[in-house]
Amino acid sequence: GESVGLHLPTLSVQEGDNSIINCAYSNSASDYFIWYKQESGKGPQFIIDIRSNMDKRQGQRVTVLLNKTVKHLSLQIAATQPGDSAVYFCAESNQAGTALIFGKGTTLSVSS
Amino acid sequence: GAGVSQSPSNKVTEKGKDVELRCDPISGHTALYWYRQRLGQGLEFLIYFQGNSAPDKSGLPSDRFSAERTGESVSTLTIQRTQQEDSAVYLCASSLLQGGEKLFFGSGTQLSVL
Chain A
1 GESVGLHLPT LSVQEGDNSI INCAYSNSAS DYFIWYKQES GKGPQFIIDI RSNMDKRQGQ
61 RVTVLLNKTV KHLSLQIAAT QPGDSAVYFC AESNQAGTAL IFGKGTTLSV SS
Chain B
1001 GAGVSQSPSN KVTEKGKDVE LRCDPISGHT ALYWYRQRLG QGLEFLIYFQ GNSAPDKSGL
1061 PSDRFSAERT GESVSTLTIQ RTQQEDSAVY LCASSLLQGG EKLFFGSGTQ LSVL
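So the sequences go chain by chain: A and B. Using our numbering, the first residue of the first sequence is number 1, and each one after it goes up by one. Using our numbering, the first residue of the second sequence is number 1001, and each one after it goes up by one.
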């Protein structure tokens, strides 16, 4: 079946460190992946996306890496700031192309 | 509007009552989605609308759940005979064109069934 999972439910880092949040997916036919950030009481906010024909994509302070061989997705946040503290979700497009399938999320805590 | 708007932001109801949740998508977005998020959990897909095509209802958990959308505008999610396990945040999202990509979410409706 289709499922998206995460390696670790929580991640604690110091301000200024680089953060890496990992995600494993099960559907080798998935062709679209995306990362969201969700702060308490708010809806998920788009961070970055990537298609399966790419291995890496960079945004502002964020990089998404896709390893299709091992079905692994990661989000790298450079120079992590306290404002980055949130729950991060990876998601993949479902087979029908009608929705995103979400994992359970990783809670990132950034201390000053 | 500038973003996806949902109302009410909070809804408290008694078990057995019907509730209706509203979503205003981003203007011009043809695709609209409803998700449910239980406390501390990920998002569960409920239903997808794309233009005038038949909706994808594959995520609706029971026949107590239904949703409507008029054209490419407002959508309502209705839960009949609410149960305590329906308590969750109900999130609406919209996307510009193709389904299942780059969804923009509203802040959700927190539903509490007593």
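Since the hints were derived computationally from the structure, they do not count as laboratory data. Using N, Cα and C, we set each Cβ at its ideal position, and we do this for glycine too. Hints should not be assumed to be uniformly reliable.
Claimed, not checked - Below, in silico cross-link-like pairs of lysine-lysine (DSSO-like), each with a Cα-Cα straight-line distance of 27 Å or less:
no.	chain 1	residue 1	chain 2	residue 2
1	A	K42	B	K1015
2	A	K71	A	K56
3	A	K56	A	K68
4	A	K104	B	K1057
5	A	K56	B	K1017
6	A	K71	B	K1102
7	B	K1015	B	K1057
8	B	K1011	B	K1057
9	B	K1011	A	K104
10	B	K1015	A	K68
11	A	K104	B	K1102
12	A	K104	A	K42
13	A	K42	A	K68
14	B	K1102	A	K42
15	A	K56	B	K1102
16	A	K68	A	K104
17	B	K1102	B	K1057
18	A	K104	A	K56
19	B	K1057	B	K1017
20	A	K68	B	K1011
What the hints assert, rightly or not - On the chain B side, residues computed to face chain A include the following (Cβ under 7 Å):
no.	residue
21	Y1048
22	G1099
23	E1101
24	K1102
So, going through the hints one by one against the coordinates:
no., hint, result
1, A:K42 - B:K1015, "holds, 26 Å"
2, A:K71 - A:K56, "holds, 14 Å"
3, A:K56 - A:K68, "holds, 11 Å"
4, A:K104 - B:K1057, "holds, 22 Å"
5, A:K56 - B:K1017, "violated, 49 Å"
6, A:K71 - B:K1102, "holds, 20 Å"
7, B:K1015 - B:K1057, "holds, 24 Å"
8, B:K1011 - B:K1057, "holds, 23 Å"
9, B:K1011 - A:K104, "holds, 24 Å"
10, B:K1015 - A:K68, "violated, 46 Å"
11, A:K104 - B:K1102, "holds, 18 Å"
12, A:K104 - A:K42, "holds, 16 Å"
13, A:K42 - A:K68, "violated, 31 Å"
14, B:K1102 - A:K42, "holds, 17 Å"
15, A:K56 - B:K1102, "holds, 17 Å"
16, A:K68 - A:K104, "holds, 21 Å"
17, B:K1102 - B:K1057, "holds, 20 Å"
18, A:K104 - A:K56, "holds, 23 Å"
19, B:K1057 - B:K1017, "holds, 22 Å"
20, A:K68 - B:K1011, "violated, 42 Å"
21, Y1048, "holds, 4 Å"
22, G1099, "holds, 5 Å"
23, E1101, "holds, 6 Å"
24, K1102, "holds, 6 Å"
Violation of the numbered hints given earlier is confined to hints 5, 10, 13, 20; the remaining hints are satisfied by the structure.
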